[in-house]
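Sequence lines, in order, name chains A and B. For the first sequence, the residue numbers in this note's numbering are 1 to 242. For the second sequence, the residue numbers in this note's numbering are 1 to 341.
All the given hints hold, so there is nothing to weed out.
The calculated lysine to any residue pairs, modelled on SDA-like cross-linking and capped at a C-alpha distance of 20 Å, are:
#, chain 1, residue 1, chain 2, residue 2
1, A, 109, B, 210
2, A, 109, B, 212
3, A, 109, B, 213
4, A, 109, A, 130
5, A, 109, B, 215
6, A, 109, B, 217
7, A, 109, B, 214
Pulled from the structure, derived: some chain B residues nowhere near chain A, Cβ distances all over 12 Å:
#, residue
8, 87
9, 140
10, 160
11, 178
12, 179
13, 206
14, 331
The set of hints was computed from the structure by calculation and includes no laboratory data. All residues carry an ideal CB built from backbone N, CA and C; glycine is no exception.
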Amino acid sequence: MTEKLLSLDEVSVSYGKVEAVRTVSLDVAAGEIVTIVGANGAGKTTLLSATMGILPFRGRIRFDGRDLGRLDIEDRVGCGLSLVPEHRELFASMTVEDNLLLGAFRSSKASTAVAFERVYALFPRLKERRLQLAGTLSGGEQQMLAMGRALMGRPRLLMLDEPSLGLAPRIVADIFKIIGDLRQAGIAVLLVEQNAQAALRIANRAYVMELGEIVMKGPAETVSKDPRVVASYLGFEPEVAA
Amino acid sequence: MLFLAQDGITNGAIYALLGFGLVLVFAVTRVILIPQGEFITFGAFTYAALSSGTLPRTAQLACALGVIAFCVELVSIRHQLSIRRLVRAALLFVIMPAVIWLVAMIAAKYSRSVPANLAVSLLIVAPIGLYIYRIVYQPMAHASVLVLLIASVGVHLALQGMGLVFFGAEGMRAPPITEVAFSIGPLRVTGQALAVYVIAALLIVGLWLFFGYTLYGKALRATAVNRVGARLVGVRTVLSGQMAFVLAAAIGAISGILIVPMTTIYYDSGFLVGLKGFIAAIVGGLGSYPLTAMAAVAVGLVEAFSSFYASNFKEVIVFTLIVPVLLLRSLAVPEVEEEKD
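Work the whole structure out from these sequences, hints included.
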């Protein structure tokens, strides 16, 4: 296996007395897509938040050989870690272009220009809408903008939290295609999705989370054929229309 | 009548500036900046002292606060001590105010030019905003709005007390920014009033350019719009807070400088002036710049007319303005849960 980019070692996260994530160990190598599937409330979002530094955790998280324990969110961004949260957290009253520009807040001018070109190539729709206010975009466009903004900082690992949530099937297909393209560009992706079918289709490896614990892991293909996974996450799920 | 209107607009322009400072600080840090009034006093005293050729004691105040801020910074970075952080802290909190003190000494001795005195005054007062933020607000940046407000009251009282210690109970007045005056019909326009308009307009344009066209201005706006989003792209909340406080202190100081040639300023005068900016900001919902500007002019006009027709009740009338606005807002605004982060 290639060098590990992100590794979580026995990470636990609590909300007061409730332990939402229990001793989870997980890793992502450079340039691979890893997905975490699981039902609502399994602790997937909590795990991403802790990795990004939004929530405190116990255990160890290393990124690119560096201990993230003491770093705050902004420093983690500087290390090349980026999160597109479920609620996207866009700057609604600012233009698409300004949102993207701020995505490159920590970059030099020259690399910002390059990043703009790359993001606009990936999301031509954003270029068309670049002077529109982010809050007026459709759901799919907002998701693209959130991903584009995260990519402006040229991260090495992009964490996506439910990128397909609430989007039309055709747009979901577009988004997943772009996630596949990111792997080609050498960006690792940690993908949290309720749409397990689509996620397992593009991922290299998968983890299954239940009630705050990892209950299964392995190559995405193996996981997607596991009878328990089929029954819980794939069986009753309609075929993704695309 | 015309004269009263002119007076009102002049004061309104100053209240508008103060209102902007309050809106900015609240949007970025959720702090209701009651000590804005002290920045007015400090600006006024600094400028008045420089114009009379004495060393403004605000320079010493800035140094003292800088040293305290340096100690607070040292304690907070003690676990991640590095040469870079140490040098940065020393530069910002010790060396900068020391250099400013030096500049103030030179300016007090040699400078008789109004623009130079104005610039030096800003140079002295703006860092005080930064240090106040570092000492008081930065360690409690995640507290609720109410806790931040209570802290603001504390800072206001502390700074006012320091004002009394540093400047004494004597009032101060400075010469007008320009002596020119001319008449348009029945209206007599003084250079001072003109200076207020010009500086207010320049400042508003400057702020507009800063927020609309610079990366840091946009980062400040982004922090105001969505704090989590801003952190996720790597904009430090601390940096935004510091910038907001420096800007607010500078705005307060400019207002003070514009006022001090028109009325005598005492160590506690700034508070009342700041409150009028606060009314304008409240009418604007602590969020809208254009509404704040309009409300500020209205406050200025009401003040001018009421001081002519019912001068005993001047302040009462002005502050009563806020009652119908609050009533309307309480009916119109839906319930909001306080943001948690």
